[in-house]
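Enquirer: Residues per chain, in single letters:
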Amino acid sequence: MEISDESAPKIDSEDPFERDVRAVFHDTLALIHIALVTHYGMIDAEANELEKDLYLWFVRFCRRPGSKSPKESRSFLLVASCQFAREYQKYIIGSGLRAPDTATSRILDREPTDVAKDFSRSLDLLTFRHHPDA
Amino acid sequence: MPEARVIQFPAPAWSVEPARDAKTVAEELLAESLEERSSEAWGAICDADVAVAVADLLRLDLNSNPNRVLSEAEAAYERISTSERRMGVFDEKDYLLGDYALLAGIANRLSGNFESAEGWFDLADASFRQTIDPYPSSMRVAHARLVVRYELRRFSDVVSLITGVISGFESRGMLEDAFKARFLQATSYKELGNFNRSLECLVALQESIPGSQVTLRSFVLTNLAEEYARRADHDRALTTYEAALALTDPEQNAMAYAQLMGSVGESYRLKGEYALAVTCFRAATNKYAALGMATRVASLRVVTAETLLTIGRDREAEWEILAALPTIEDQRMVVEGFGATALLKESVRRRRTDPAALRELSAALRAK
Numbered sequence: 368m369e370i371s372d373e374s375a376p377k378i379d380s381e382d383p384f385e386r387d388v389r390a391v392f393h394d395t396l397a398l399i400h401i402a403l404v405t406h407y408g409m410i411d412a413e414a415n416e417l418e419k420d421l422y423l424w425f426v427r428f429c430r431r432p433g434s435k436s437p438k439e440s441r442s443f444l445l446v447a448s449c450q451f452a453r454e455y456q457k458y459i460i461g462s463g464l465r466a467p468d469t470a471t472s473r474i475l476d477r478e479p480t481d482v483a484k485d486f487s488r489s490l491d492l493l494t495f496r497h498h499p500d501a
Numbered sequence: 016m017p018e019a020r021v022i023q024f025p026a027p028a029w030s031v032e033p034a035r036d037a038k039t040v041a042e043e044l045l046a047e048s049l050e051e052r053s054s055e056a057w058g059a060i061c062d063a064d065v066a067v068a069v070a071d072l073l074r075l076d077l078n079s080n081p082n083r084v085l086s087e088a089e090a091a092y093e094r095i096s097t098s099e100r101r102m103g104v105f106d107e108k109d110y111l112l113g114d115y116a117l118l119a120g121i122a123n124r125l126s127g128n129f130e131s132a133e134g135w136f137d138l139a140d141a142s143f144r145q146t147i148d149p150y151p152s153s154m155r156v157a158h159a160r161l162v163v164r165y166e167l168r169r170f171s172d173v174v175s176l177i178t179g180v181i182s183g184f185e186s187r188g189m190l191e192d193a194f195k196a197r198f199l200q201a202t203s204y205k206e207l208g209n210f211n212r213s214l215e216c217l218v219a220l221q222e223s224i225p226g227s228q229v230t231l232r233s234f235v236l237t238n239l240a241e242e243y244a245r246r247a248d249h250d251r252a253l254t255t256y257e258a259a260l261a262l263t264d265p266e267q268n269a270m271a272y273a274q275l276m277g278s279v280g281e282s283y284r285l286k287g288e289y290a291l292a293v294t295c296f297r298a299a300t301n302k303y304a305a306l307g308m309a310t311r312v313a314s315l316r317v318v319t320a321e322t323l324l325t326i327g328r329d330r331e332a333e334w335e336i337l338a339a340l341p342t343i344e345d346q347r348m349v350v351e352g353f354g355a356t357a358l359l360k361e362s363v364r365r366r367r368t369d370p371a372a373l374r375e376l377s378a379a380l381r382a383k
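Line by line, the protein sequences give chains A and B. Here my numbering = 1-based position in the first sequence + 367. Here my numbering = 1-based position in the second sequence + 15.
Bound conformation, chain A alone (with noise of 0.2 Å):
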């Protein structure tokens, strides 16, 4: 689950702003994986793969204009980790590569929006566990 150094942007050791992105990333990678493999069905190789093009895009995501603190852009990040996964596996199941057992077609037929949800809550539960005072 370590995000390579060749594929992730370089990042500037000195940049506040890249350092918090990827303290936050780090800090929701445990959960994104649990969505993509246990939930979304991806092998551990898949899952890897795409949690690094998640970062890249995180990184982007929170570059825009008007966009939260990467701390309260982690709903966001939810949103688009189950998103990407059920694009992933619609496209590997719909190529006849991997035939789809009922769990993953149940999550399939959700939107991701509502899958996120549950993981924001997990996500909230986890924090406190954590970080009670926050």
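Everything labelled a hint here was simulated from the structure, so no lab data went into it. Hints are supplied without guarantee of correctness; some may be wrong.
[Unchecked claim] Derived DSS-like pairs (lysine-lysine); straight-line CA-CA distance at most 25 Å: (1) K286(B) to K419(A); (2) K435(A) to K38(B); (3) K435(A) to K484(A); (4) K438(A) to K484(A); (5) K484(A) to K457(A); (6) K438(A) to K419(A).
Fit chain B to the given chain A structure using the hints.
Expert: Quick look at chain B alone, frame taken from chain A:
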């Protein structure tokens, strides 16, 4: 767990060589003229980071070269929308199409093509709506649309709709945009004749705009000075104009500089310092002439002539009038057969300039 291979999406995100950063690639792309740009060079625009960098560079050019920004933004929009390459990894393509459409809309507005601007703003809205967080981008489009309404002199519309845009910007920490929206609100109040409310807004802006927003700060000071001058507080107006001038680069922001010098000249004239007024009017005239704005040059020449006559510099006044009259007639700056023009022409021909005719012409030009 069975052995499995990772299957890639059909068209992976294209990316620039790691050694060259997106800004460098963007600068190289824009260094080539649009007509001479090769397909290979254009390919770089389909990299999300390069496309963001190109848009950022074009935004810096909006006020100095809107026509170039317009052609570049339209071409980039076309390239991105028709490209079959996957752009970015998620919603980057929609975001960038929105951003380029917004740029093209603003550039159209600056060039006076308001209908085209609205069309581009519709496209921007449609693309931004497809992104994961459309709210801040749609606020930027809403603001751009209100600037068009301002240009169309629909000031009541602006005043009634701008509050939502300001609070939208502020809720997302977009303070630079919020200041611009507050400035639009202040100038709309002024145009509606609500001078007290306008002054209140301008003073609040003067106190809160950071030093980094130099151009906006200069516009705020210019408008404040004009309001002080309107209230016959000429000393305060001139001090404020001086502060605005110190922030306005005559080369990089030639149009703002010309407007400002014209306003400073007017303040000196109202204060009775005619020689200084003439100097300022001439500086403004030269700038407008360099920008090719013939009608502005002619109007200023008439005001300069009026001022010169007041201090007995009749000969110079005649030159100014003789230089201005052809444009006034060619461009139909006053209605055909306007009596004062004929009287003035005749009096100048006899080298006895008629001050009443000159005043009448000047008033007619100001009223336009």
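Enquirer: None of the hints should be skipped; say for each whether it holds.
Expert: How the hints compare with the structure:
{"no.": "1", "hint": "K286(B) to K419(A)", "in the structure": "violated (67 Å)"}
{"no.": "2", "hint": "K435(A) to K38(B)", "in the structure": "holds (24 Å)"}
{"no.": "3", "hint": "K435(A) to K484(A)", "in the structure": "holds (18 Å)"}
{"no.": "4", "hint": "K438(A) to K484(A)", "in the structure": "holds (16 Å)"}
{"no.": "5", "hint": "K484(A) to K457(A)", "in the structure": "holds (21 Å)"}
{"no.": "6", "hint": "K438(A) to K419(A)", "in the structure": "holds (18 Å)"}
Against the hints set out earlier in the document, a violation occurs for number 1 only.
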